[in-house]
Amino acid sequence: MSEHTTDKRVREASRRQFLQAGAALAGGSAMAGVAGSTALAEQGNNLPPNVPEWMKAPGDPMGSQPYGTPSVHEKGVVKNISKTLPQYISASGRTPLQELDGIITPNGLFYERHHGGVPTIDPAEHRLMLHGMVDRPLLFTMEDIRRFPSQSRIHFIECSGNPVYTKPYGKTASDLVGLVSCAEWTGVPLKTVLDEAGLQAGAKWIVAEGADAAALTRSIPIEKCLDDAMLVYSQNGERLRPQQGYPLRLLLPGFEGNMNVKWLRRLRVVAEPAYSREETSKYTDPMPDGTSREFTFYMEAKSIITRPSGGQKLTTQGFHEITGLAWSGHGKIKSVEVSLDEGKSWQQAELQEPVLTRALTRFRLPWHWDGAPAVIQSRAIDETGYVQPTLAELVAVRGLNSFYHNNAIWPWRIAANGEVSNGQA
Amino acid sequence: MLGVAVHAEERYGIGRAATPAEIAGWNIDIGRDGAALPPGSGSVERGRTVFSEQCAACHGDSGQGGVGDRLVGGQGTLPSPKPIRTVGSYWPYASTLFDYVRRAMPQNAPQSLSNEDVYAVSAYILSLNGIVPTNAVLDAKSLAAVKMPNRDGFVSDPRPDVHNR
Numbered sequence: 001m002s003e004h005t006t007d008k009r010v011r012e013a014s015r016r017q018f019l020q021a022g023a024a025l026a027g028g029s030a031m032a033g034v035a036g037s038t039a040l041a042e043q044g045n046n047l048p049p050n051v052p053e054w055m056k057a058p059g060d061p062m063g064s065q066p067y068g069t070p071s072v073h074e075k076g077v078v079k080n081i082s083k084t085l086p087q088y089i090s091a092s093g094r095t096p097l098q099e100l101d102g103i104i105t106p107n108g109l110f111y112e113r114h115h116g117g118v119p120t121i122d123p124a125e126h127r128l129m130l131h132g133m134v135d136r137p138l139l140f141t142m143e144d145i146r147r148f149p150s151q152s153r154i155h156f157i158e159c160s161g162n163p164v165y166t167k168p169y170g171k172t173a174s175d176l177v178g179l180v181s182c183a184e185w186t187g188v189p190l191k192t193v194l195d196e197a198g199l200q201a202g203a204k205w206i207v208a209e210g211a212d213a214a215a216l217t218r219s220i221p222i223e224k225c226l227d228d229a230m231l232v233y234s235q236n237g238e239r240l241r242p243q244q245g246y247p248l249r250l251l252l253p254g255f256e257g258n259m260n261v262k263w264l265r266r267l268r269v270v271a272e273p274a275y276s277r278e279e280t281s282k283y284t285d286p287m288p289d290g291t292s293r294e295f296t297f298y299m300e301a302k303s304i305i306t307r308p309s310g311g312q313k314l315t316t317q318g319f320h321e322i323t324g325l326a327w328s329g330h331g332k333i334k335s336v337e338v339s340l341d342e343g344k345s346w347q348q349a350e351l352q353e354p355v356l357t358r359a360l361t362r363f364r365l366p367w368h369w370d371g372a373p374a375v376i377q378s379r380a381i382d383e384t385g386y387v388q389p390t391l392a393e394l395v396a397v398r399g400l401n402s403f404y405h406n407n408a409i410w411p412w413r414i415a416a417n418g419e420v421s422n423g424q425a
Numbered sequence: 001m002l003g004v005a006v007h008a009e010e011r012y013g014i015g016r017a018a019t020p021a022e023i024a025g026w027n028i029d030i031g032r033d034g035a036a037l038p039p040g041s042g043s044v045e046r047g048r049t050v051f052s053e054q055c056a057a058c059h060g061d062s063g064q065g066g067v068g069d070r071l072v073g074g075q076g077t078l079p080s081p082k083p084i085r086t087v088g089s090y091w092p093y094a095s096t097l098f099d100y101v102r103r104a105m106p107q108n109a110p111q112s113l114s115n116e117d118v119y120a121v122s123a124y125i126l127s128l129n130g131i132v133p134t135n136a137v138l139d140a141k142s143l144a145a146v147k148m149p150n151r152d153g154f155v156s157d158p159r160p161d162v163h164n165r
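Top to bottom, those sequences are chains A and B.
Residues 1 to 425 (the working numbering) are what the first sequence spells out, left to right.
Residues 1 to 165 (the working numbering) are what the second sequence spells out, left to right.
Chain B on its own, in the form it takes in the complex (with noise of 0.2 angstroms):
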């Protein structure tokens, strides 16, 4: 309290303490490191039974996308007039696959997977799109080692860009 008391004319002392245990129950992001990745593993063989019973419905029987988005293929479309974004043509890192299935996905009832089918479902989708083995189980490292086949396509906002005047 007297610390409080000291720092009060540059802090309004306003809100509390946030406690360590309460930020771990908050904070489940995964940087593109991966550094934050949970424990447990998750098999391609897995994913495929995840899939078909969480993902399918939205994101078609093999992720050619329905309602929800195409998660396969276009790799090599992106310098053509009719770019495929996918998970596996576009999206640079794979724990941001992690990080976004465990927090958003399945649509009707997010943050509802274990971290071990969240693995699974990852591992699946890399699968469809030719970047892990079928035969492939991930986990915290060997998530984080799988090297997107779009990982250096992205380049920094030169705008302004027109020069009309």
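One chain only, chain A, in its complex shape (with noise of 0.2 angstroms):
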């Protein structure tokens, strides 16, 4: 077959499945997911006894999706955007948690955030400098950091501002606590490649700058760059998204979302923080008495169910299984406990398993949904024994000022007709 008769034929494949999903557009129903397709499929008598007209005909050829993407009818599962951000250079876009299943996020749906927009970069004319207080200052390029030994590991990385502390707190998960999501990533230990270079005596920290237009910094401590941090290159078994640093990042596991240096183009090892925009007038915390805490790496235990969750609605009474993510900084979920009754009882969720350290956790619980109005929501307990705490015992410890690190438990309200609210708006 010439490149030519290929060519025209995914064309003619494209078309068919544009029409396809223009009909599904034209019958009336804008929202995506199971409510929409089983009405289409009704209209076209695709139903039992009937034959499907898919069975009727060839579907398209190979070659017509040369990367992928998901089906015409998951077309709403994309990254939760704001529409009235006042600058989309330094914003941020959401993980559809709610649509989610596992623990793993796809990469087109990982949460993004960046300062001074997502940079185009060629690998090869990419450089990483490594100096400071270190015996041997090495300029690597991609093809060098590759060369190091490789590992993969699963972890999550989280935005500290996920979510605010005061109202309005959004409608669905995403909206929520959508500045979370997990991978699995390859890279190299930054310990390989400090050990490559010699680190110093006195050297106490790391600062990390990125190759965006917002060259951005962050300080770490020596102890985190020599444990688990890692250099990474791949996320979910391909090279990064340019929204996610390509073609090099930082990951720290369990420290907050903007520590992971993206598109890292530097690594200066030095005696003390840099005290970076983003390490003072940013990333810290004010307290009620006018004080800030600075330095706050971890994002601690926190949970949130995502099915049943706001947005949602129970169709019927009956067998409904609630399942949501946990997660910390501190290492591993050791347990989630869920409330079916407005906070007043709490049962054992089952952990699926892997139960990873700083990974995103799944628990399940079996409910039997009897119609009557309920308030769910679910609480992590972390291998330290952190109990993730309401948002009043939060905030009657670090008062309303805070921006970031909000952990608290997030209660469902579901109501007679099954549709599924924010508890606390």
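Hints in this document: simulated from the structure, not taken from any laboratory.
Predicted model, so just to flag it, every value in this text is computed and none were measured.
There is no bait here: all hints are sound.
Capping the alpha-carbon separation at 16 angstroms, the derived lysine to aspartate or glutamate pairs in EDC-like fashion look like this:
(1) K282/A / E294/A
(2) K332/A / D228/A
(3) K191/A / E10/B
(4) K82/B / D289/A
(5) K282/A / D69/B
(6) K171/A / E99/A
Two independent chains are provided; combine them into the complex using the hints.
Quick look at the structure:
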């Protein structure tokens, strides 16, 4: 078959698919997901005992999607991006947590936050400079970095502003805590590369700098750099997406997202932190007495029920599985408890294996909904024994001036008609 | 080469030496003590012009904020229910202002200002906050000597701070 013929077939297949998708939209329902496709199927006479139309003609040929995209019926599963951001070059987009299963966030849906736009970097021209209090200042190409012994590990990254302390808190799980995602990361332990340069006595911090227009800098304690920090070039098996720092980023498992510097180009070993703009005026927490906490790196234990959750609707009484995600920057999740009665009593949820350190952990609890209004919520307990607090407990200690590190329990209210809404809103 | 071979067992020999010139080109970090501030100086007066040309569109004509952060005012509001965090009320070190403006501002053309203009615009923002006089001229020494109002306002992280079990 000539190349020309292949192209033509691909084009025709794409056109057919486009027309089908167009018909679905013209059908009137802009809603993605199960409800929309069921309605279409009924109109299309594709239900038993009839044979569906997609069995009566060949499907799309190989090559119509050389990379691959989700089903046209999953168009609604996209990043949750506010339409009213003051500026899109310093902004965030959230993972649609309530649409996802398992613990791995697909790369296209991984939350993003950047401060000077997403740079387009030629990996052949990217360099990592390692200097400061080292015996041998070094310069690495991406080819160099990939020659080091590699490892792959599954960890979450979470923005420390996930969510804010004040209303409005948002309608969906994504609105609330969509600034967390989890992936399998591949790269080289930072310790391996630091050993290559040789740390000098008195080296206490490393200042990491990104190659973005913000030249973002954060200071990292040397202990973390020598523990589980990684220089990462791949995410879920493929090279990093540009939004996640292509071609190289820093991964600091359990530390606030901003410190996991993307488009990493420089590591400077120093005796004291940089006190950069990000770690003085931004990622610090004002307390009620006027002081502010600095260097609050760890993301403490947290959980959220993703199904049923805000914006969803229970269509029938009877069996429903409650499921959600739990995580802790301090290690593994030990247990997750779920309350079905506004926090009066709690029962143990089942944790899905694998339960990994500093990774999202999926929990499940079987539930029979009797049709009465209910308030459901989850709380995580990590391996240090720390128990996720209520919002009231958190605010009693920190007040409402803080912007970061809100890890409060989040209740969902289920109405008699099955509609699920934010229990704090 | 011999030295590398001797240490081959403990190192991978990956990467090459970064030269002093290469490091100098990329290392623009200014720490809180201001020790690495570059030569040059800038006046509040010059800073007013630079600010109106490069900064006001996002930060407002007098630093009151817009699509960009508010830069001025808010001193004394931190213990209140509505803290206003600005360069004047919140930032602990003036040298951080120089570092950030030089590396990241203006947002549409970062690293485009001369060191003199970065000194000048830093001086202007500090003068709008009443931290330096309106006739000030800042250089490495005088900028490093500025004591910001909230310098002693930061405490270390005491978490875990909620003890509920």
